[in-house]
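Chain by chain, the residues:
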Amino acid sequence: MSKKVLNAVAFISPQNHPILIRTFAKQDDHAIKYHYIAHTSLDVIEERVAAGGKSTECYLGLLYSMEDVAVYGYITPLKVKIVIALALSDSVVRDVEVNLIFKALHMAYYSAISNPFLKLDAPTDATNDHSPYLLVGRANWKNFRRRIDEIANVVSNPSNA
Amino acid sequence: MAPAQRVLVSYSGAQAFLSSGSWDQIHTALLAQLPLRNIHWKSFSRPIRTIQELDISLVPLESLRDEHASQVPATLLEKPFLNMYLVTCEDADLETYKTTIKRQVKDWHAVVSSRKNQEWLILHVVRPDARTQGGNFFQLKGSVLDKLKGDFNTDRRDRCVQLAWNAGSQNPAVWAEFLNKLKDGLLSSFDSAISQREDEVKRSESQRQMPGWNFCTFFTLKESLAGSFQGVNLFEDALVQYDELEASFYQVLKEKNLSWFGSLITPTPNDDSSPLLSISKKPYRDLILANTISVFDFRIYLLARQCSLLAKIDGRINEVSKKAAAFLGAFGRRLSEVETLPEYFVESWIYSSALSVVDQCDTWAAGLNLQGAMLSTFNAGKGELLELARHQLDVIGVKIGHLPVRPPFSNSHHPPSSSGSATSDKKISSADILQCLQTSDAFYDIYVGITNRAIDMYAKAGRRKFALKLHGSLAALDVHRGRLAAALTTYTSLPAHYAPHMWTSLESLMLSLALDTHAELDKTRDREWIHILLSFLKTFVDTVGLDLLMHEDDRVEYVSRLVQSMKDSATVLESDLSHPEHPAISIKVASAAKLAGDKDGSFLDVVIHNNLPCVVPIDEVVALLVGRDSERLRFSAHIDGVTPGKTQATLFCPTSSAGTYILDSTEARISHLVLQWAHKKPVPGRKALSRRSSVALVRIPRDLLAMDVRLQQPNSIELGRPSSLLVAVSTGRNNIAKASIKFHVPSVTFRYSQVALTDGNTDQDTLQADDSSISVLNLSEASHLEFLIPYSDASAFHAIKVDVEVDYITVAEPSITRTLHLARVVATTLPISVNVQDFFRGNRLFSKFTVSTTSHQHVRISDAQLQFPDGGLDGLKVVACSPQARSVVTVTPAQPANFLFYLDSANGPVGESLKFRISYRMLREEVEALIETSVDQVLAQSADVLGERVELINKLVEALEQDSAWVELYGVSGELNVPDVFGELGEADEPLKRVIQSLHEHRHPHPPKGKWREIIIPVDVPYMNIVAAAGIRLLPPTSPVPMGSEHTPSLYAGQPIPALLTVHTSFHWGSSVNDTQRAYMMRFDVEEMVREWLVSGRKRGDFAAKDNATYSVPLTLIALHHGELVLPKISVTALPLAGEVTMGSMAIPNTETYQVHGAEKVLVLPRGGRSTFVLGMGSG
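Which chain is which? The protein sequence lines are A and B, in order.
For what it's worth, UniProt numbering labels the leading residue of the first sequence as 1, then goes sequentially.
For what it's worth, UniProt numbering labels the leading residue of the second sequence as 1, then goes sequentially.
Simulated from the structure, these hints should not be mistaken for lab results.
Please note that the accuracy of each hint is not assured.
Stretch-level coverage of chain A by chain B, calculated; a stretch enters the list once three of its residues show a Cβ under 8 Å from a Cβ in chain B [unchecked claim]:
#, segment
1, 33-43
2, 49-63
3, 70-82
4, 100-114
Model, not experiment: these values are computed from the prediction.
Note that the Cβ used here is the ideal one computed from N, Cα and C, for glycine as well.
Work out the full structure: start from the sequences and follow the hints.
So, in structure tokens, the structure goes:
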């Protein structure tokens, strides 16, 4: 796998609520850019999904490139959106490799929400009935974040894998 | 390579013909058939392709040079695909063909057939009329066409075609065969040429690892293939070539073998501002061939080629912007590593290129009809490009100081390293960028212009979120330029767009920016500001401040400053500002309240959870409870700020209402700002199960020493008088300064003004009444006040539910007005019911009163009297038939009590009603009173025992409620054995033990003591027109002495016994008393008793009855068997009054008949033998 730099990962719920936005780029003191990217990606994902019709393909490909990142999108069968921002480089980025990253992220999310204790943490007085899976991104569920960080580490330093 | 290269077809022919006018005509007509349409290219290596339209140019053969001008592989279109020879020779003129034409064709054929990948075609032009002649079968010599075919067309492919044409012909059909042949020929040569070229490309590609291989050469070779495809309008195949070239370029790049290129970039003056997708702006091919092209130029060329092809392919124009944007981003990064570039070169290049691509796209799209999703994507692509251009302005702006070094302009705290160096002698050329560099105003204009264009594009594309982001950046620019008001407007409107998706990070950022702008603007911190702040705090709490994109370093400090200023501004608000459901604070309420103990009221523990990292200056915490009947209790406490985390507080409510309540809402008050949380809320769409769990219940214990108001039925009830309610006010521990009591019952009105104390006097000092309430003044502690209040009839109900509202002020705490809401149920039905049965016996009337309980409770009745109305009645005497010394009677549901009286009336019927007075009490009341007195006896010596007393009484009552075994014994003897439910009694329970003992020793006193209730029921003495006493007297034949005397003769079965039937009538209780003239027609009827008696004589008859007269009829009875027999009954009925009609029906005087002999029995003895009797069937 060629070297890529994973700048940020975003998980977005089917209702378009952010689950987790994780940034890895050290030089960016402000994560806001990636929040914007994750948020704006929703527009593009929406377009892609609408254009794709009933296609069951999860990988949505390059959504757009902006400033110094290329933004890729992925939508799980249950409509959880995963967006990653790769540092823009002047080399070919193969979709297969990006798809591989997404698959790993998807699995990380999947195993994180399989935690049965997650539902215990759901606020009982919640006025609107959101799925407890939003919680998985909360800071107090560390495992998910750890796995995401591991994936990012492997992507950015394939030799360490 | 010249653009729009066409497929070449050469023509040739006899010189004389080509210079003739006839050729000109044919030429023109032929051109009119072009371009060729629907060409289907079948090749071995690809699926079938269809060329929709192909333009070809006809050129004379001589104009083509055979040799290549250079070694550079040109496109395949440089050479003709087809060579055509025109023959005009009539069939009749075969000689000419043989002599001249054949040779000419032969020469031409020799030239063209030697050429590679070129087809040839001989077109034989004839006149249409000549052609018909040619169809002659018997023409042995054959046609010119046949000759041509025979001479030249040696293989299977038919390369000779005849065109029957004359100048006037407009029929396109004549061209069909020729055009087909033309297409075939073109395709065949194209196919072979392509496959040959492809082989070359493959060969070249396979040699790439060999020394001497040159990428640029390979590129030109492969590009020629692309050019060929493009020439025949096969754009997708052409694009594939370029895409493959791009891939191999990346391969080369990866191998870092760029020796075939010049430097990465050799900037020429206008490089940064020339249109990106223009192929002609530089002599790219020459540069490539010379191996001097820079990577920069090469890649631009490749991109431009690809884009121009994409634009031509149906539905792929949208890839242009995407590809261009990706290229600009990616290659821009690479360029920024180059240090020799002029300052801002890369930014300028990306900026100009992006804008030029947008323009180019618009130009290309002008001819297309983009719609729907395609159009949206197209606009989105343009938007992205514009944003890319905008981003370059960000970089430049930050670098030269037009923009601040902070988001959204810059993502880091340090100024970005912009491309190029100021030291470079070259300068950039983009006019826009140069303007930007000069004045900040120009920069801002361009910046805003570009941003707005991008927003516009995004809006058209339906990309709201992109547009929002750009709006945010415009607001940031406004802030930087000091246009704070505009920025504030934007900032306050943006959070709403982020909120619905719970995108709290962005929402909070916008809010905090709005707050900052507000602060900078020095606007007054009004309600709007508080709302923004509260929204911000909400987002802060939602994310626990962790994921927040805060621009302040010290979050806690920042938030606490905000909270403090919120308090300040809330203080100056004129009116309360309430805000629902703020998550910064949450209040949890304990499930049970505690009694205050020394005063009326209860305490409720709450836990206030402050989710903010700083102290929240809350002044007051309030919890509102609602009861079953919309009673509301307000618990409150003043507190002094809430520290982060949990804080305990105890709320107080100065009323003594007890029971179970639902937590309705809680409030936290920060000066004028009121944060509210509704706890009991309808949750639509959720299951009942989850709703139940979401309701918080609070139990408040009963305070026995609190102010209390009880409602009862009055002790004395007289039916027929207005109902009233007995109100008992007990003050408990309170010295009441003033209490005002109100009652509410729907559909019942209380007559407050007619209130009266139960002891009779209306003491104005204690009790005052106005239209709506009753006021009680100056009531000392532990006092008890009872008064009666009349109310409108409510007999429709069994019980009325009275909402009692008491506002009272104690002497101890004159500042607190306590409000007590009580819901009391008062039975309006009586606990007992009375039935009367009347029996007339001549001048005497017996009345039997049956008293039964209406509920399940036992009722103790001490006395029942039938009383005259006040003043008595003349000539009437009432005597109770029961023994005088009757003790207390207990009425149970199973056992009613009877009271019998008789009335002697001297003067006939009684017009006025009597009163039936019952003194009663419920068993429960009696026992409770007994317990109270016992407890009082026991506790008499101990002081300050109010609470203990009540507790003790309750304990005993509860014990008695659990087991009813004591009831019977108590009813008989008065001994009250308290069921043993207390278990072991310790030292502290000494009083209880003694009370139990004293109850055990209790006997019913005689006469009964204690309070008795009274019910007075008016009783009417009934009228009876006729009272008839019917009787049968037996007159045994052996003795004239009637029966009943000492010596009664024996009666035997079968023996006829003469008897006398008498009916004595009295009008004493009727309206015609003492009227001797009055007579009623009556009928008597002797009951048939066919098993006992044969009755002979007048069994039935009418007679006229008079007051105090006796009517008699003789009968003969025969007993049918022996034994003690009852005499037959006689029914006496009055006949309808002749001539008197009442209420439209015949009036029958009411009659009561009793059997004088009803209790008599006759002993009939058996008799032997058998007798036969002949009986007359009566007189009638």
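Practice task
Report holds or violated for chain B covering the segment 70-82 of chain A, Cβ cut-off 8 Å, minimum 3 residues.
Solution key: violated (count 1)
Problem - Whether chain B covers the segment 49-63 of chain A (at least 3 residues having a Cβ closer than 8 Å to its Cβ atoms) - result: As far as the segment 49-63 of chain A goes, the hint holds, because 3 residues have Cβ atoms under 8 Å from chain B.
Handout entry: Check of the segment 33-43 of chain A against chain B for coverage (Cβ-Cβ below 8 Å, three residues minimum)
Key = holds (count 7)
Practice task
State whether the coverage of the segment 100-114 of chain A by chain B holds or is violated, taking the criterion as 3 or more residues with Cβ-Cβ distances under 8 Å.
Solution key: violated (count 0)
Of the hints listed earlier, those the structure fails to meet are numbers 3, 4, in rising order.
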